[in-house]
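Position chains B, C and D against the provided structure of chain A, taking the given hints into account.
Chains as they are written, first to last, in the working numbering: chain A, 8 to 304; chain B, 8 to 304; chain C, 8 to 304; chain D, 8 to 304.
Worth flagging that the hints you see were computed from the coordinates, not collected in a lab.
Glycine included, each C-beta is placed from N, C-alpha and C at the ideal position.
Each hint should be verified, as a subset may be incorrect.
What the hints assert, rightly or not - Using C-beta positions, here's what the derived DEER-type ranges look like: (1) A:Arg304 x C:Gln169: 45 to 53 Å; (2) A:Met193 x C:Glu164: 31 to 39 Å; (3) A:His177 x C:Arg116: 55 to 63 Å; (4) B:Ser197 x A:Arg263: 30 to 38 Å.
Unchecked claim - DSS-like mimics (lysine-lysine), calculated; alpha carbons at most 30 Å apart, straight line: (5) A:Lys270 x C:Lys270; (6) A:Lys223 x A:Lys170; (7) D:Lys270 x B:Lys270; (8) C:Lys170 x C:Lys223; (9) A:Lys223 x B:Lys223; (10) C:Lys270 x C:Lys223; (11) D:Lys108 x D:Lys170; (12) A:Lys270 x A:Lys223; (13) D:Lys108 x B:Lys270; (14) B:Lys108 x B:Lys170; (15) C:Lys81 x C:Lys108; (16) A:Lys108 x A:Lys170; (17) B:Lys223 x B:Lys170; (18) D:Lys223 x B:Lys108; (19) C:Lys170 x A:Lys108; (20) D:Lys170 x D:Lys223; (21) B:Lys223 x B:Lys270; (22) C:Lys108 x C:Lys170; (23) D:Lys81 x D:Lys108; (24) B:Lys108 x B:Lys81; (25) C:Lys223 x D:Lys223; (26) A:Lys108 x A:Lys81; (27) C:Lys108 x A:Lys270; (28) D:Lys223 x D:Lys270.
There are 4 protein chains.
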Amino acid sequence: MPTGTGPKAQRSGRDRARMLISCPDRPGIVAAVSDFLFTQGANIISSDQYSSDPSQGTFFMRLEFDLPAIRTRKEEIARAFEPLARSLAMTWRFETLRPRKRVAIFASREEHCLLELLWRWRSGELDAEIPLVISNHEILSEAAQSFGLPFVYIPVEPEQQQKAEEEQMHRLADATVDLIVLARYMQILSPAMVDRYPGRIINIHHSFLPAFAGAKPYEQAYARGVKIIGATAHYVTTDLDAGPIIEQDVQRVTHRDNVDDLKRIGRQIERSVLARAVAWHLESRVLIHGNRTVVFR
Amino acid sequence: MPTGTGPKAQRSGRDRARMLISCPDRPGIVAAVSDFLFTQGANIISSDQYSSDPSQGTFFMRLEFDLPAIRTRKEEIARAFEPLARSLAMTWRFETLRPRKRVAIFASREEHCLLELLWRWRSGELDAEIPLVISNHEILSEAAQSFGLPFVYIPVEPEQQQKAEEEQMHRLADATVDLIVLARYMQILSPAMVDRYPGRIINIHHSFLPAFAGAKPYEQAYARGVKIIGATAHYVTTDLDAGPIIEQDVQRVTHRDNVDDLKRIGRQIERSVLARAVAWHLESRVLIHGNRTVVFR
Amino acid sequence: MPTGTGPKAQRSGRDRARMLISCPDRPGIVAAVSDFLFTQGANIISSDQYSSDPSQGTFFMRLEFDLPAIRTRKEEIARAFEPLARSLAMTWRFETLRPRKRVAIFASREEHCLLELLWRWRSGELDAEIPLVISNHEILSEAAQSFGLPFVYIPVEPEQQQKAEEEQMHRLADATVDLIVLARYMQILSPAMVDRYPGRIINIHHSFLPAFAGAKPYEQAYARGVKIIGATAHYVTTDLDAGPIIEQDVQRVTHRDNVDDLKRIGRQIERSVLARAVAWHLESRVLIHGNRTVVFR
Amino acid sequence: MPTGTGPKAQRSGRDRARMLISCPDRPGIVAAVSDFLFTQGANIISSDQYSSDPSQGTFFMRLEFDLPAIRTRKEEIARAFEPLARSLAMTWRFETLRPRKRVAIFASREEHCLLELLWRWRSGELDAEIPLVISNHEILSEAAQSFGLPFVYIPVEPEQQQKAEEEQMHRLADATVDLIVLARYMQILSPAMVDRYPGRIINIHHSFLPAFAGAKPYEQAYARGVKIIGATAHYVTTDLDAGPIIEQDVQRVTHRDNVDDLKRIGRQIERSVLARAVAWHLESRVLIHGNRTVVFR
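Okay, chain A solo, but in the shape it has when bound (with noise of 0.2 Å):
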């Protein structure tokens, strides 16, 4: 099968790391942290910082540097950082390309968000191992299987969600998953779930939230009327459709489209939303601040 060239993230020989820091804001936090991985070795290749509020706000940064032999050097670094780190409070994390970040991700019916992503995982664009697709229906196993994943069917039952997420969980703690993409998955995850993975599940919403939250979207903006449709990647929280955004995206229609037809023209904003918001998860340029995230593209 034909490979794409490579996303942004790739561009990277095996030396390339990144690093991720929140912290108060204050004065000398970027001289710090660059004057240190200067120290170390590092060459930086990209920088970027916000500040939530000069004076008194959250000050969140990612960098993205070439450091010789950064993959066996890994944890003496971070030994080095943490002095630094601890007299800024400093929530950080620092990460090497590989090994990869591992994706489950939940479909039920409809294939085109599936697809999308696996496509781009295939060509190259979403940087990241696959151990698992889950689906509540078996009609997209074929599909998964073309792309040689493993298909889990597990179906929902009414009055057996538990159950089903048992085997869930299951399922993901076995394949140490790093993060749940929710390809159009029709069902809500229990709170104890999304617990487990905070910050880290990414749904689609068929809707340009906050319009349209809930159940079918497309019928209820046909209702309204709207010039234009749209979609919403974000991260789940216990609190249904109302997690921080990543990623949004939309499309004119008119008052021609019938219901089908938003159906139709919001499938493709959908796919191309959550392959974006993933992407951008995986290369990390995604930071959660309350219920809004900094997005550093």
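Frame of chain A; chains B, C and D shown alone:
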């Protein structure tokens, strides 16, 4: 002052007219209407039609045509059309391009929507008379007058809204106004006023409705962390921010945009969305169908 | 495999048909045609018209209608229409939705355009038969076959283009193809081939034409430092990259995007632009007028 | 007159400053610069960097920071930075937000770009002084003066361009202008004039460059039958319409839009594209790199 090239609606000789029709859908309407116009000597310039449902729905039609001496023959032709209209249970109207529709603009303190309308009006893009600019503040007086337009300052004191509205209605009646445009007019109109101008009051709401209806939409949008903001032009009904939507548009924003940035970006969306909605209304391109609009662009 | 909800073109009973007309503009055409259809028992579902100039121009019309037993009555109705068509000097055709149009897809090494077409075809959005996928490389063979489609590998050796094209033409003739889609097929067709399928070969060019015609458009776009890139679907003529444009779309890029990024972003534009153009052609929404197109959407 | 909420550039106390740097890329630049600023007492508000190639390329950096008493300490800090700048072979500059940059606007007969700039200037979105509006026609005199700005009418007679330009240059020198904005100024500047303001003349071209360079771009676009039109703001070089692009934007059009429609639609694109480009230049967000621009938004 320079005048721009004329918009579509003005590309008319003196013999240009329009016909707007809605009726229960059934076979033969297009044939009957176009045959009638042909018999009267009309040359159809453009024709748009839409059926909410070919079997049981409502049929909408907009025709633009040249008909020699239409202005003197208008009533005769309308009389001749009456039997056909009745037999098909039509709601219909027949319009010549002159005299122009008469528009009153309401504004408060912000100038951007008012100025956009006046600029497009002066350049010929809005084909209307503007007998009146009304405001509850004096601040935009100079702006209106620099376009040679009468500016009426009607303060709206708390508890005195009714008195203010009486004066507004008096002025509107005097000026025989066809359309009221709320160009960021920050007061809620009473049901009495709304009922007097059904389908003839256009408001610009500074959000992508139905998201963030009500007050302070940019503050709401910031708090929710949306990645796209928008504006909505809609007909005013007694149900606040819930009337039929005419036009919407949106713009991307990021985590870096604070509430003031959203307002600044939003102003550009608001003014162009409102200007387009007003232009389409003036060209009779907008038909109301329940709480939705049919827009023949 | 799941099937999506049907697109507009398929919302037809078995009695759906279309009429496509172009002729010198003059008064009475709409009346004459709609009267004819009404007399035959048709219910017009949608009607679009356009005149390049009401006084001397060309008139274009597309009607979609339901007419009971149209498939058996097709020839009879066409005969009945002939006198009117002749009197108005019409170029016209009459189409039923079945049998479907037959499409051959040409591809080379890149899969994204081919897969997008096949996915939309499988989901019912492209209402066509695909008797043939032709490629000058073997690499996409598996992709085509996974959709159950015959894949024909016809290598194009340097200096042997004519021989390859003879085989292509032979295959196309055998399959009685109505439309050829060049889905990133990286070979130039000979004038002989182009002439055999006038207005029936659609190409996707990976730039916003007429900018960056010819080879390596993304490299050209990068060198010029544009802030927006695009893709263009057009009919192929013997004048390279200069045929009538059907559809274009664009996406923002920044100085951070290198040539590989432009290619990656561009792939998303290419596949959706090509898919829309092919859908519109299949629904007979595209009429060619000189080197421009009329697209009745 | 009402003033809008302030744009990003104005969110400054009196102690806000910027540093713009370009130099050969090598490790340690970020650390050295941020350490220097920290030592001087600066609090970095925003920092953007870009490297055309981490190994051999050019490194660009823009920092915005608060530094107490910067206006009195400006020269002292610049002197202190000099050794570091020299050791890293930097091209650099150090800017305080006051005094504002001084902008001359050139216009001809069309008002839309001029008015857009003046509105945004009055609302505070363009943080500049405008000592001069120059035109080769008298028609916009009233517009400029209604904003309280000096309007200089310098006719450009055929064969007398040099004489006119001498007067322009004289006026520009008198007004110590930092930036010239060609707001649909329909004359070509001489190489002498262009050379005097390198990277400091911004033009709006009414097409999506490089498509339709030269005269009558809307006529060209219509003839080519494009489905999207655009506008391009670029720095003026002696190579006509080929200078570094700052910003572009586009809008969909259809076969129904004739040349006048394209001009009307295009005016809206032109004015917003030009206004954005000018704002970014004034905020020193645009760095020129060969024939491309780095835009730190």
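Here's how the hints hold up against the structure:
1. As the Cβ distance of Arg304 of chain A to Gln169 of chain C is approximately 48 Å, the hint placing it in 45 to 53 Å holds.
2. Between Met193 of chain A and Glu164 of chain C the Cβ separation comes to about 51 Å, which falls outside the hinted range of 31 to 39 Å.
3. A C-beta distance of roughly 42 Å is found between His177 of chain A and Arg116 of chain C, which places it outside the suggested range of 55 to 63 Å.
4. Range check, Ser197 of chain B to Arg263 of chain A: about 35 Å between beta-carbon atoms, so the 30 to 38 Å window is met.
5. Under the criterion of a C-alpha separation no larger than 30 Å, the hint pairing Lys270 of chain A with Lys270 of chain C is consistent with the structure, at around 29 Å.
6. For the suggested pair Lys223 of chain A and Lys170 of chain A, the alpha carbons sit about 26 Å apart, so the restraint of at most 30 Å is met.
7. Annotation: proposed proximity of Lys270 of chain D to Lys270 of chain B holds, straight-line Cα distance about 29 Å (limit 30 Å).
8. Between Lys170 of chain C and Lys223 of chain C, the direct Cα distance comes to roughly 26 Å. Compliance with the 30 Å bound is thereby established for this hinted pair.
9. Proposed proximity of Lys223 of chain A and Lys223 of chain B is supported: the alpha carbons are some 27 Å apart, at most 30 Å.
10. Between Lys270 of chain C and Lys223 of chain C the CA atoms are separated by roughly 10 Å; this keeps the pair inside 30 Å, and the hint holds.
11. Restraint check: the Cα-Cα separation between Lys108 of chain D and Lys170 of chain D comes to about 27 Å, which is no more than 30 Å; the hinted pair holds.
12. Of the pairs offered as hints, the one joining Lys270 of chain A and Lys223 of chain A holds, with about 10 Å between alpha carbons and a cut-off of 30 Å not exceeded.
13. The hinted pair formed by Lys108 of chain D and Lys270 of chain B meets the criterion: a straight-line CA distance of about 25 Å does not exceed 30 Å.
14. Taking the CA atoms of Lys108 of chain B and Lys170 of chain B, the gap is near 27 Å; set against the 30 Å cutoff, the hint holds.
15. Of the supplied pair hints, the one linking Lys81 of chain C and Lys108 of chain C holds, its CA atoms being roughly 17 Å apart against a limit of 30 Å.
16. Between Lys108 of chain A and Lys170 of chain A, the direct Cα distance comes to roughly 27 Å. Compliance with the 30 Å bound is thereby established for this hinted pair.
17. Simply put, Lys223 of chain B and Lys170 of chain B have alpha-carbon atoms about 26 Å apart, close enough for the 30 Å limit, and the pair holds.
18. Among the hinted pairs, Lys223 of chain D with Lys108 of chain B is inconsistent with the structure: their alpha-carbon atoms are about 34 Å apart, more than 30 Å.
19. Of the pairs offered as hints, the one joining Lys170 of chain C and Lys108 of chain A is violated, with about 49 Å between alpha carbons and a cut-off of 30 Å exceeded.
20. The hinted pair formed by Lys170 of chain D and Lys223 of chain D meets the criterion: a straight-line CA distance of about 26 Å does not exceed 30 Å.
21. Between Lys223 of chain B and Lys270 of chain B the CA atoms are separated by roughly 10 Å; this keeps the pair inside 30 Å, and the hint holds.
22. With a CA separation close to 27 Å, the supplied pair Lys108 of chain C and Lys170 of chain C stays within the 30 Å bound.
23. Restraint check for Lys81 of chain D and Lys108 of chain D: satisfied, since their Cα atoms lie roughly 17 Å apart, inside the 30 Å limit.
24. With a C-alpha separation of about 17 Å, the suggested pair Lys108 of chain B and Lys81 of chain B falls inside the 30 Å cut-off, and the hint holds.
25. For the suggested pair Lys223 of chain C and Lys223 of chain D, the alpha carbons sit about 27 Å apart, so the restraint of at most 30 Å is met.
26. As the CA atoms of Lys108 of chain A and Lys81 of chain A are separated by approximately 17 Å, the hinted pair is consistent with the 30 Å bound.
27. Simply put, Lys108 of chain C and Lys270 of chain A have alpha-carbon atoms about 25 Å apart, close enough for the 30 Å limit, and the pair holds.
28. Our distance criterion of 30 Å between C-alpha atoms is met by Lys223 of chain D and Lys270 of chain D, whose separation comes to about 10 Å.
Hints 2, 3, 18 and 19, counting from the list given before, are not met by this structure.
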